[in-house]
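Listed below are the residues making up each chain.
There are 2 protein chains.
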Amino acid sequence: MEKSPAPEIMAPSTAVQSAAVPLTATTPSPFRAWFGCASGCAGQYPLNEILYYCPSCGGLLDVQHDLDALRTRTAQEWQHLFDERYRRTLYPYGSGVWGKKEIVCPAIADANVVSTYEGATNMYWAERLGKQIGIDELWVKQCGNSHTGSFKDLGMTVLVSMVKQMIADGVHIPAVACASTGDTSASLAAYCAAAGIPAIVILPRNRVSTAQLIQPMANGALTLSLDTDFDGCMRVVRELCTRENIYLANSMNSLRLEGQKTISVEIVQQFDWTVPDVVIVPGGNLGNVTAIGRGFLLMREIGLIDRLPRLVCAQAERANPLYRSFAKDFKTYRPVKAKKTLASAIQIGDPVSIKKAIRVLKTFDSIVEQASEEELADATALADLTGLFNCPHTGVALAVLIKLVRAGQIQSHERVVVISTAHGLKFVEFKRRYHEGRLRGMASQYANGPIELPADYHSARDAIFRALEKAGPTGRAGLTF
Amino acid sequence: MEKSPAPEIMAPSTAVQSAAVPLTATTPSPFRAWFGCASGCAGQYPLNEILYYCPSCGGLLDVQHDLDALRTRTAQEWQHLFDERYRRTLYPYGSGVWGKKEIVCPAIADANVVSTYEGATNMYWAERLGKQIGIDELWVKQCGNSHTGSFKDLGMTVLVSMVKQMIADGVHIPAVACASTGDTSASLAAYCAAAGIPAIVILPRNRVSTAQLIQPMANGALTLSLDTDFDGCMRVVRELCTRENIYLANSMNSLRLEGQKTISVEIVQQFDWTVPDVVIVPGGNLGNVTAIGRGFLLMREIGLIDRLPRLVCAQAERANPLYRSFAKDFKTYRPVKAKKTLASAIQIGDPVSIKKAIRVLKTFDSIVEQASEEELADATALADLTGLFNCPHTGVALAVLIKLVRAGQIQSHERVVVISTAHGLKFVEFKRRYHEGRLRGMASQYANGPIELPADYHSARDAIFRALEKAGPTGRAGLTF
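Protein chains in written order, with this note's numbering: chain W, 629 to 1109; chain H, 629 to 1109.
Quick caveat, the hints were computed from the structure, so don't treat them as lab data. Accuracy of the hints is not assured; some may be wrong.
Said to hold, decoys possible - Some but not every residue of chain H turned toward chain W, in silico, with C-beta under 10 Å:
#: 1; residue: Y714
#: 2; residue: L831
#: 3; residue: L841
#: 4; residue: P844
#: 5; residue: Q898
#: 6; residue: Y1062
#: 7; residue: I1092
Claimed, not checked - A few chain H residues that face chain W, going by a derived Cβ cut-off under 10 Å, partial list only:
#: 8; residue: R715
#: 9; residue: R716
#: 10; residue: S774
#: 11; residue: N847
#: 12; residue: D857
#: 13; residue: D900
#: 14; residue: T1014
#: 15; residue: H1051
#: 16; residue: K1054
#: 17; residue: H1063
#: 18; residue: D1084
Yeah, the Cβ is synthetic: ideal placement off N, Cα and C, and Gly gets one too.
Just need the whole structure built from these sequences, with the hints factored in.
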C-alpha cells in the first residue's frame, strides 16, 4: 500500500497540500497516448486537442498508446502495480479506472482527475442462476453499482478529467455538452458538478420524462428542451461544440472508451490475472463492446494475458443492425430503423461505433446474438429471483447466454462473465410492469405478485406453508418460493 | 494479497472446491462472540440461537466479543490484516464486512457467508459542498452505493449468513421474515434469493406502493399484504417468528448491527487509520447510530484507535424523540407520534434501539440535532448540485451539519464525515417533486428546471451564454450554472 506521511484519501487538494508538492511538480509520465484514426489514416493528435473525428477521413478516432513504453514493464510488474493500488486511499489510484492510469490516460495530472472511485465493482458469483441455466461458473460484473448507477461513469471520469486538465492548462472551454436521455447525461452532469464545470444536456421536448431527467437536473446541468426529435438535438449539440468550443461528451468522443476499457482489465484482475472463457456484453451504440474488446487486445499486446476470451455482443431483436451484419459474416452492414424496446438504452438503429465494433469483433472468436422482448424481460426477472437486480440491457445479455447454452455454443464448464451495465433501480417501472403482468405480448412467467390476506396469524401461516410446500426443497425455477 | 493456487474469487463453492478443502475442515476461530443483554443482565447466548430479547429482562440483546482474544493482536497486526484483505479476491474477505470477520461474526464458515461484496464504499470528498457551507474537509461515506442501494446490506449479509450457517448445522428454519416497506425488505429479499433461502415480507395492504415493493417482489420474496397497519404486520411477523421458527430480520435482531458497525472501521481505515473529528448519522430506529458508535468503541477497546470522534445523530423534526430526549440531557425519554416526513425511512416515533442509542451517545461527545422538511430537502438538493445524489435521510444529516456549522458547534477546520444511507435512485420521486417545485410548504430554492426552446442553434447558444454569464466564474450557490 502506498502511504504518504499524511493521510491522502480521495481528496485531490488535501493530498497535494499535505505532501507540500505544488501542482506543477508532477513528474512527466514515460507513457504516452494520442488520438489516431480508427480506420488507419496517418497522424497523431494530442489528447488535449478538441478533436472527435479524423481530419483525413472524417471517421472516428481511437486513443492509441505507446505500446513500446508499456512493454518496458513486465506482466508481473503491471499486475503488482495494479493490485497495490486497487481500492486503496492514495488519490486517484484507488479508482478502478485511475489505478490503471498508464494504460488509460497517462497525461492528466492527479490533481485534475475528477473521480468518484469508479470501478472495482463486484464480480457477482451467480451460483443459483448458473445452476438453473446450466453453467457451472456464471459471473455478473456489476458495472452499474456506481456513483450514478451505470457503467458510463467509467468513461465519463476520463472525459471530464481531461476537460479539467485542459481548463487548468488555459484552454477556454465554457462547458461540456451532450444529447442524451439517459445514463450519459446523468454521468456527465454528476462529474461536471463534482468538478464545478458547467454541463449542458440537450433533449427533445415532450419526449423525455422528468424521471429520465432527474439525475442531470439534480446535478445542476443546464437542461435545454428543444422542439425537435433526438437527431435534431444531436445536430444542435454538434454545432455548439464546433462553433463555441463547448466540449462534446457524446460517444463519438473516444476518450470515454479508454475508461470503459478497464472493465476487461478488472475482470482479468478479479480472476487473479486469468482470462475467462466467454464475455457477454449488451450492444446498442457499440462503444462498450468496442472498449471491452480493446481492453483485452491491449492486455495481450503488452503481455498481461496470452489468450482472448470469446466475445459475445447481445442485441435487442428490435434494434439489431450488428446482428444482421454478423449473420452475413460482417460482409455487409445496413442501418435499421430501431423499434421501441424495453432495453431502451440500446434502441439504436445506426450505431455510432459500428465500424470500430466490427473491427474488434473480427479479431475475437465472437458471436452476435439477439433477444426478443419476452426473452429479455424473462431473463431479467429470472436473474432477479436469484438475488440480482439489473437493467433490461443486462437482461438482453442474459437471454442471449441462455440461448447460446441451449444451442450448445456455450458449454457448461466454461467460465462466463456477463457485463451488467446499469443498476435495476434505474428501471423499477419496467420491473413493476413485468411483475404486475402489464407488459404487452408476454406471459410474465416469473412474475411474483403479493398475496392479499386478512390480518391474522393463521392466514399468514397457512399462506407461507402452502407456498413452501409448493416450492419444494429447491424452489420452483428461479423462485425462492 | 492472499492468493491460493487456483483462482478463488467471490465464489464460495469454487473457492472451496479448488482448494480441495471440505466444508467442515475450517480451522476453529480463536475469536468468540455471543449474545448478551444490552442492559447488562448476566448470561451469554450463542449467536446461532434463535433469540432476539434478553431472557431475564426482555430488552434487546447486543453481540458481545471476547475482547481479550481480540487484544492478542496489536493494532498494527489488525490494520495490516484488514488492509491486506480489502477488496481482494479471496472469498468472502474482499467484502468490507467480512474482511473484518473476527470483529463482526467470527463463527460462520466462509462457505456459508452470503455476500454481495458489501462495503468498501467511496468516501466521497465533497470539496465543492464543503466550501459552500464552510467546512475545509467534508466527506460523504456513500453507504448506499451497494447491491440493493442502501446501507442495510452491511447488516443483512451477517444475518442471512448466520441463517445459512444454522441451516447447514441442521437447524430447521423454514424462512426469514420481516415487516418493512423499504430498504430492509429489499436487502433481506436479495440476500435470501442469493442464498436460496425463502424470504417473507409482510406489509399493510393499500398503504404501500408497488414501487416500494418492487425490490422484494423481483427478488422472489413471498410478499403478504395484510388488511391492517404497519404495527399489525409487525405483530403477525413476531408471532410467526415465535411459533414457527421463522427467523426474524427486523432491527431488534442485533446481528445486523455487527455488520453496520464496520462503517466506523472502514471510515478510520479510509483515513489511513486516523479518526475523523465529527461523524454525522441520520437517526430513525437508531440502529445505525448505535452500530457506528459501537464500532468506534470496539476499536478503542482493542487499541485500534485512541480517541473517539464527536458523534452527531440527525433527526427529522417531524420524528424527533431522540432530539427531545437529548434536549433534556437524556434524563427523560418519551415516544412521539411521528408525522409524515420526506425522510420516510426515519419516520419513527418510538425507535426500537432507543435505549442502546442513548447509552452509546452518552459515551461520546455527542449532539442530537433536527432538520425541518425544507431544510432537509434543500440540503439534499444543494449536495446534488455538487455531484452527489443521495436519499433525503442523508439530506437530514447534511442539513444538521449546516446548522451546527452556523451555530459554531462544528468548526471549519474539523474533518467531518456524513453517513449517506441510501442511493438517490431510490428517491427520484422526491427529487422530481423538489425540482418541479411541487413540495408543499417550501420554496425549492435550488430547483433546476429545464429551459424550453425552439430547435435552433442560436436559441440554444444564447440560452447557454446567458446562463454562464448569470452564474459568473464560480457559479451561483451550489449550482454549476
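Hints, verified against the model:
1. The criterion of a C-beta within 10 Å of any C-beta in chain W is met by Y714(H), whose closest approach is roughly 6 Å, and the hint holds.
2. For L831(H), the suggested interface contact is upheld, since its CB lies about 7 Å from the closest CB of chain W, less than 10 Å.
3. A distance limit of 10 Å between C-beta atoms decides the matter here; for L841(H) the minimum to chain W is near 7 Å, and the interface restraint holds.
4. Contact between P844(H) and chain W, as hinted, is supported at the beta carbon level, the nearest pair being about 9 Å apart and thus within 10 Å.
5. Checking Q898(H) against chain W by beta carbon gives a least distance of about 6 Å; that is within 10 Å, so the hint holds.
6. Interface hint at Y1062(H): satisfied, since its Cβ lies 8 Å from the closest Cβ of chain W, which is below the 10 Å cut-off.
7. Annotation: interface hint on I1092(H) holds; nearest CB of chain W at approximately 6 Å, less than 10 Å.
8. With a cut of 10 Å, the hint placing R715(H) at the interface with chain W holds, because the nearest CB-to-CB distance is about 4 Å.
9. Because the smallest distance between the Cβ of R716(H) and any Cβ of chain W comes to about 8 Å, under 10 Å, the interface hint for this residue holds.
10. Interface restraint check: S774(H) against chain W, minimum CB-CB distance 7 Å, threshold 10 Å, status holds.
11. With a cut of 10 Å, the hint placing N847(H) at the interface with chain W holds, because the nearest CB-to-CB distance is about 6 Å.
12. Because the smallest distance between the Cβ of D857(H) and any Cβ of chain W comes to about 9 Å, under 10 Å, the interface hint for this residue holds.
13. About 4 Å separates the beta-carbon of D900(H) from the nearest beta-carbon of chain W, less than 10 Å, and the hint is met.
14. The restraint placing T1014(H) at the interface with chain W holds, with a minimum CB-CB distance near 6 Å, inside the 10 Å limit.
15. The closest approach between the C-beta of H1051(H) and any C-beta of chain W is roughly 7 Å, which is under the 10 Å cut-off, so the hint is satisfied.
16. Taking 10 Å as the C-beta contact cut-off toward chain W, the hint placing K1054(H) at the interface holds, the least distance being around 6 Å.
17. Nearest Cβ of chain W to the Cβ of H1063(H): about 5 Å, under the 10 Å cut. The hint holds.
18. With 10 Å as the threshold, the beta carbon of D1084(H) comes within range of chain W, its nearest partner Cβ sitting at about 7 Å, so the hint holds.
In the structure shown, no violation is registered for any of the earlier numbered hints.
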